[in-house]
Amino acid sequence: MAGAALLAACGGGGSSAPDASQPAASALSAQAVLGEKIFFDASLSASGKQACASCHSPTNAHAPANDLSVQLGGSLLDQQGRRQAPSINYLSFDTAFFFAADGTPTGGFFWDGRAASLLEQAGEPFMNPFEMANAGVADVIAKLANASYAAEFKAVFGADIFTRPDDAMLRVKLALSQYQKEDTGFRAFSSKYDEFLRGKVQLADQEMRGLALFNNPTKGNCIGCHPSGKAADGSFPLFTDFTYDNLGVPRNPLIARNDDPAYNDLGLCERADLADRADLCGAFKVPSLRNVAQRHVFFHNGRFNTLKDAVTFYVQRDTNPEKWYPLNADGSVKKFDDLPPRYHANVNTVEVPYNRHPGDVPALSDAEVDDVIVFLKTLSDGYRP
Amino acid sequence: MSSTRPRALPARALLAASLALSASTAFAQSATETALAQRLDQLAAELAAVKAQLVQLQQAQAAAPAPAAPVAQAAPGSFGTTPPAPGSAPAYSASLLGPGTVLTSYGEINYNRPTRQTQNTQVDVRRFVLGYQHRFDEKTKVVTELEVEHAVSSAADPGEVEVEQAYIERQLTPVWSLRAGLFLMPVGLLNENHEPTAFYGVERNFVETAIIPSTWREGGAQLVGNFDNGLTVQGGITTGFDLNKWDATSTEGKESPLFSIHQELALAKGHDLAAFGAVNWRGIPGLLVGGSLFTGQATQAQAVDKARITLWDIHARWTPGKWDFSTVYTRGTISNTAALNAALVGNPTLIPKSFDGFYLQGAYKVWSFDDYALSPFARWEQFNTAKSYADLGMGLTPEAARAERVVTMGANLQVSQGVVLKADYQRFRENADLNRVNLGLGWSF
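Protein chains in written order, with our numbering: chain A, 1 to 385; chain B, 1 to 445.
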């Protein structure tokens, strides 16, 4: 990787799970049991109808079960969230945000990595006005004190815990993070591809072709950000290196905020601690591709609704930009229309498959895109031969 | 095998005299002379130890009425002798280091100038090595080498610090000895004799770096038999390679398949041990003929599929008069690569099924005066790090690599028994961008 633009591209960072091949399936700790109850408790939201599980459905790899670009929240469940609610599976292998030795931003939770841990991440949705929309910590804890499992909470964390809202909130976050760390449903490693790595099944011909295209640095080059191989210690791939990239994803007209031409979601550089890093504007975290076939929307702004569109966008963004971006009045393509022009240079146009120009042959043909998609479907947990 | 190389300081005079007397002997690294030097080293070390003991005895007698003073250096032969603390005395003389303890060292400073890509010209302290041998008694010694590559080793620098050898050797009988620890593998001509004064050309040959991963060492135990008829037999059990380290996304495996997965006894995975054997025969003066075989599983119980790595070689060196000829053929195989590669398809560097290399080299000492000796040489080598791949099906099986052929022409100028200047030109047939001029300064004692 060369050039400042690629500081936001992939490389570096952990990308495999140390205990992947045999996730421990022991009983949940008392904290994790409480975390599970909190995770499914809609009463902890201002609307009384939204729990963590509402946007992170366990039946859909802990991602939304609907096809909304962004989820609705707030006290009346009528407020659009800013970004797509991602799957939270396999996040227990993520780390706090850091810059790798070569400058690559890596790690962190949320699309911009602003939370340093699962615990820290777990607290934000409770207060987010577009999500659970509580007025504050005391508001959350007051609702928790009325929950059916309040006595269990006190049994684990102290009889007077609800009299100390800040302490109680910390324990809510602890319980949620423990649940995500301990429940193997968040890291099942039970896909067909996992079974393939275990030598128990063979991939079909088209799946193998898709894997080869996925790995090939001159074709899909997906492996550049989504490692697919086992690590030297035998751990299984997570299909993300937890880095960030700027893909120039088209603006999504289904997000109401985008009606305002002055509004932009700039990703990493919106963070206060990275406000002076204009080179990172437009970069978002690389998600895991595990269970990607179960996803209903793709990219940080949920711009695409099918895997076919998402994969095709990668390979045709630069060869056929008119298919993905609106046209200017003069007929030219308004490429990278979700970023102010001063940040267009940040978009990754160097690595395969983005290193093309209009009229070039895309890195993958339509049939090859289909092969890759067939392979991606082998990454869904819960495989049964 | 350090016993075949670093010249112990006290042995230098003896060795020089011996070589001067051997006017008809070819270049100083011939197999026979190396063996001779080996014996001289051993004898010199033992002589130094005996002298030191004598001095101690004389001092003890002179001071007989006084209580026994603590002896800084325990007499050789006592196990558990503590070597002198580093820096406690100048490390220039074996006698100052202590009886039976010798300092060894070698180094290389190289200049490489690619003729087509001069912007890639480099000058490098390729390696700087310090070692010691300490003889606990007449039958037991420890041999160590600590190496720094590329001058500076830190998180921000390219260098490495490595323990290259660290083993104990115990002479069991006049013929057999037992070696245990971290030792160099007895493969090819160069691996155990890799000091810059021991090979022609600024850089080590490709066959014995790309195919035989010199400097290749493993941890384990081996028996070494030196027979009077010139036969040396070695065999043992060691650690092996780790195929889990194979990085299909990088080019390391293409540059040297085994180098990319060697373990160097750095938290080495030890589930799969390997066996090796080597035979070398020096029964005719000036001639060395030998071969080796290494084989062992290499997935270390961390992959579903097992895979065996086997490497063998045959080699010969003949030093008639002022001539010096040598040749090596080596071939490696990795089993079950179809299964191992299945999850790696599409990556640029899959695991090869086989790889091999061969070279022929000739040198002639055209001029000598005092310690000076000028020996032009030429070497032709062919090597292929991915000679074949297991079948993965149409469209998925990588094409075998084309063999690279390299011609190296140059000269070694020995300016002292342990100092050499080198210059050569290397021409690559497949990748002419690598053509280069090399200059080198090396030393070894």
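It is possible that part of the hints are untrue.
Claimed, not checked - Label pairs and their computed distance ranges (CB to CB):
(1) A:D366 x B:R116: 35 to 43 Å
(2) A:G103 x B:D124: 23 to 31 Å
(3) A:P326 x B:M394: 38 to 46 Å
(4) B:D124 x A:D166: 55 to 63 Å
(5) A:V350 x B:A400: 27 to 35 Å
(6) A:N328 x B:R116: 31 to 39 Å
(7) A:K49 x B:D157: 55 to 63 Å
Claimed, not checked - As a list, the in silico SDA-like pairs of lysine to any residue whose alpha-carbon atoms are at most 25 Å apart:
(8) A:K49 x A:S26
(9) A:K219 x B:G286
(10) A:K219 x B:G270
(11) B:K353 x A:F196
(12) A:K200 x B:A338
(13) B:K353 x A:L203
(14) B:K245 x B:G270
(15) A:K377 x B:G270
(16) B:K254 x B:L434
Quick caveat, the hints were computed from the structure, so don't treat them as lab data.
Backbone N, C-alpha and C define an ideal beta-carbon position, used for all residues, glycine too.
Hint-by-hint comparison with the structure:
1. A:D366 and B:R116 have their C-beta atoms about 41 Å apart, which keeps the hinted 35 to 43 Å range intact.
2. For the pair A:G103 and B:D124, the supplied restraint of 23 to 31 Å holds, since their beta-carbon distance comes to about 26 Å.
3. Taking the beta carbon of each, A:P326 and B:M394 are about 43 Å apart, inside 38 to 46 Å as hinted.
4. The hinted range of 55 to 63 Å is satisfied by B:D124 and A:D166, whose Cβ atoms lie roughly 58 Å apart.
5. Between A:V350 and B:A400 the C-beta distance comes to about 31 Å, which sits within the given range of 27 to 35 Å.
6. The given range of 31 to 39 Å is broken by A:N328 and B:R116, whose C-beta atoms sit roughly 46 Å from each other.
7. In this structure the hint that A:K49 and B:D157 lie 55 to 63 Å apart at CB holds, the actual value being about 58 Å.
8. Of the pairs offered as hints, the one joining A:K49 and A:S26 is violated, with about 31 Å between alpha carbons and a cut-off of 25 Å exceeded.
9. Under the criterion of a C-alpha separation no larger than 25 Å, the hint pairing A:K219 with B:G286 is inconsistent with the structure, at around 56 Å.
10. Between A:K219 and B:G270, the direct Cα distance comes to roughly 38 Å. Violation of the 25 Å bound is thereby established for this hinted pair.
11. A threshold of 25 Å between alpha carbons decides the hint, and for B:K353 with A:F196 the separation of about 21 Å falls inside it, so the pair holds.
12. About 15 Å separates the Cα atoms of A:K200 and B:A338, which keeps this hinted pair within 25 Å; it holds.
13. At most 25 Å may separate the alpha-carbon atoms for a hinted pair to count; B:K353 and A:L203 meet this at roughly 22 Å.
14. Straight-line distance between C-alpha atoms of B:K245 and B:G270 comes to about 14 Å, which keeps the hinted pair within the 25 Å bound.
15. Restraint check for A:K377 and B:G270: not satisfied, since their Cα atoms lie roughly 37 Å apart, outside the 25 Å limit.
16. This hinted pair checks out: B:K254 and B:L434 have alpha carbons roughly 15 Å apart, not beyond 25 Å.
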